[in-house]
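Here are the chains, one letter per residue:
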Amino acid sequence: MSTQTMPTGETTTSAEQLTGSEIVIKALIEQEVDTIFGYPGGAVLPLYDALFKQNSLRHYLVRHEQAAVHAAEGYARSTGRVGVVLVTSGPGATNAVTGLTDALMDSIPLVCFTGQVPTHLIGNDAFQEADTTGITRPCTKHNYLVKSVADLPRIIHEAFHVARSGRPGPVVIDLPKDVQQALGAYLPKDQVKHRSYNPQVKGEKGAIERAVELFAGAKRPIIYSGGGVINSGDRASVLLTEFARLTGAPITNTLMGLGAYPAGDPQFLGMLGMHGTYEANLAMHGCDVMLAVGARFDDRVTGKLSEFAPYSKKIQVDIDPSSINKNVVVDVPIVGDVAHVLEEMVRLWKQRQHKLDPNALKTWWSQIDSWRQRKCLHFEQTGDVMKPQYAINRLYEMTADRDAFITTEVGQHQMWAAQYYQFQKPNRWMTSGGLGTMGYGLPAAMGVQVAHPDALVIDIAGEASILMNMQEMSTLIQYRLPVKIFIVNNQWMGMVRQWQQLLHGERYAESYTDSLPDFVKLAEAYGAVGIRATKAAELDDKIREMLETPKPVIFDCCVDEVENCFPMIPSGSAHNQMLLGPDDHADHKTSEDGMVLV
Amino acid sequence: MAQKPMAQNTTAQGSRSPSAQNATAQSPEELRVSTHTEKRTIAVLVDNEPGVLARVIGLFSGRGYNIESLTVTEVDPENALSRITVVTSGTPMILEQIKAQLGRLVPVHKVSDLTMAGPYVERELALVKVNGAGEKRVEALRIADIFKARVVDASHEHFVFEMTGKTDKLDAFVELMSPLGLIDVSRTGVVAIQRGPEGL
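So the sequences go chain by chain: A and B.
Letter 4 of the first sequence, counting from 1, is numbered 4 in the numbering used here, and no numbers are missing.
Letter 36 of the second sequence, counting from 1, is numbered 36 in the numbering used here, and no numbers are missing.
Don't take every hint at face value.
Said to hold, decoys possible - No more than 27 Å apart at the CA atoms, straight line, and that leaves these computed lysine-lysine pairs for BS3-like:
1. Lys387/A - Lys521/A
2. Lys193/A - Lys110/B
3. Lys110/B - Lys189/A
Hints listed in this document are in silico derivations from the structure and should not be mistaken for laboratory results.
Between the sequences and the hints, there should be enough to build the whole structure, so can you do that?
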């Protein structure tokens with residue numbers, strides 16, 4: 001049956017011959033994988049056959065390959081482990097591309113196996129053939145086409161190493177069907193060493209010293225931390241918190257960094273950026289020393305680059321040299337792992353008995369407190385019509401003691417979730433930050449629930465986004481994953497509508513979602529539970545009902561249709577040109593430069 | 001038009017170790033204020049494996065960087081290493097990005113900014129076909145002689161010249177040939193190597 005090629009690899013440990021598929025299984029087990037998200041097809045049938053014959057790896061069958069990747073992302077982001085995906089060739093691989101790009105942008109460690117037509121057919125436009133390594137080259141950290149079974153064990157172990165080390169990211173292994181069937185020898189991971197890939201983990205000592213000295217001399221310091229802190233592991237969050245407490249400096253998190261520092265702590269200014277808080281953005285604008293930790297000065301964070309933090313000296317800690325001096329030139333660049341560098345900074349700060357100038361710090365905090373007095377996240381909930389902010393705030397209040405895991409889709413609801421849901425710990429917040437992928441939240445929540453079967457997992461969704469991967473309801477039911485989908489339903493693609501209102505003369509082109517399904521009935525059709533809340537007065541009871549339901553729930557939370565997400569830095573504007581509410585934008589005109597920005 | 005003496009300056013370097021590639025060569029102030037475009041010659045040592053050139057070229061096209069010239073071939077068959085020489089241009093900030101992004105590619109062993117690292121030699125080879133008769137033909141041969149170009153193919157109607165030199169010298173030669181019946185040019189692009197006793 002099988003088209004066997006010659007096993008020519010160095011057989012260092014044993015002469016035992018395995019098929020390529022068996023090598024994959026063995027390597028995954030050695031890499032401590034226990035979960036795979038995937039979807040079968042012709043080019044991966046040998047692999048599925050090998051999966052069938054073992055009990056160490058659990059495979060979760062999704063309903064669309066994009067969802068397999070997002071589920072693996074949710075799994076990875078909530079555990080700090082590598083997510084594993086298995087899809088077939090051609091359409092299986094192309095469907096995975098969105099998820100891979102998402103993982104690349106947000107630095108999520110994944111290994112994705114794609115089937116491929118047999119090696120002798122590659123390039124022949126065979127059935128379900130696609131140039132997977134060509135297509136995924138720009139959307140993976142690295143990718144491999146395995147042409148010989150002798151290379152397979154080395155490539156798998158390398159792939160896991162590349163995915164999880166340095167700045168994490170997705171790695172694709174394209175596996176032709178004949179290689180899955182060919183016989184070869186296994187190679188354990190300790191015998192695999194990468195020739196060229198060796199990311200720098202420890203920061204340069206001199207640079208760390210300069211950073212500590214610079215920060216110690218600050219009069220208006222700020223710590224700005226991002227997703228890199230989460231990726232660096234739990235210890236990084238602990239060290240970040242320790243450094244912030246030691247110094248007494250204010251701290252703000254990016255969208256991806258939420259949870260690295262406990263929200264609600266007096267030193268925490270909330271999220272910064274386009275929909276960040278007034279106090280966080282003005283503190284960024286006014287600071288004299290900025291410590292950027294695991295954050296990449298994304299355009300959603302900086303606003304207008306030429307007016308970004310104009311009075312500041314900047315320190316940047318990042319494991320990826322290409323993140324440094326990309327958008328913003330920094331004064332003290334430190335290439336290294338966040339936890340390593342922060343540990344050294346904490347040690348030096350203590351050893352040299354540094355202390356920020358108490359008078360200057362007091363003045364700085366009183367300035368920040370005056371910004372806080374603006375209460376930029378304040379909203380009025382009056383009458384029956386629910387404000388979306390109120391809905392998320394109630395959801396937070398009622399789940400605060402449950403150590404919940406929150407995922408989101410993309411849009412207004414995502415920003416409200418970031419603003420009103422308070423995260424105390426890292427790895428509890430899964431959102432598509434860099435790519436902004438609608439349809440991310442439900443499959444990601446699925447992956448989180450797989451990793452944490454007993455935890456409360458909520459996908460805060462919009463009614464438009466949720467429809468993009470709605471089919472995964474079926475997966476939730478199959479594996480009894482009691483994910484709660486909390487749809488902030490305003491009948492509009494809210495963020496699109498908001499921009500059309502504010503920037504495009506209230507011409508609402510194609511942003512109304514007509515013919516929405518009845519989400520309660522839809523839930524029931526899948527075998528889940530549907531709950532609808534339409535009035536503020538009933539919200540708490542309905543949320544309680546959702547939390548008490550042991551099955552997956554779609555919660556249709558019908559909110560104010562025209563509420564906008566504030567504060568907002570209009571595109572092309574600087575941090576100190578924020579709009580705080582609907583009355584604010586009357587005198588604001590977005591520049592031509594701003595209009596072309598996304 | 002004679003070539004410059006090449007033996008000078010074999011001692012001026014040595015302080016710049018290859019591992020300094022990650023360090024920003026310019027101060028933050030320089031990076032912030034320089035908005036002018038500079039040209040750089042960058043050497044990249046990579047694994048000689050399928051797709052490696054596509055990764056490098058894809059990086060340049062995907063991120064909108066310039067490629068003025070790019071050459072690649074295997075230089076160390078025993079270790080399966082290839083060397084890419086790329087001539088690129090951009091503001092100092094973009095150039096720092098290009099090097100960092102190249103260094104981030106998994107099969108890349110080393111990135112060296114030859115322009116910044118000190119004196120280096122760069123050369124390009126051209127094959128130039130000229131078709132002509134009579135006086136023009138004589139003139140083409142005369143100029144080729146001045147440029148120290150070699151004739152590698154000839155008939156009664158044409159010459160093919162082979163010429164090695166710096167890019168601007170090749171440019172000058174090609175320009176002089178164009179009124180004399182130039183019909184085809186093939187150039188390798190720049191290869192470059194650092195002067196002095198150290199390797200990449």
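Hint by hint, here is what the structure shows:
| no. | hint | result |
| --- | --- | --- |
| 1 | Lys387/A - Lys521/A | holds, 24 Å |
| 2 | Lys193/A - Lys110/B | holds, 17 Å |
| 3 | Lys110/B - Lys189/A | holds, 25 Å |
Taken one by one, the earlier hints all hold for this structure without exception.
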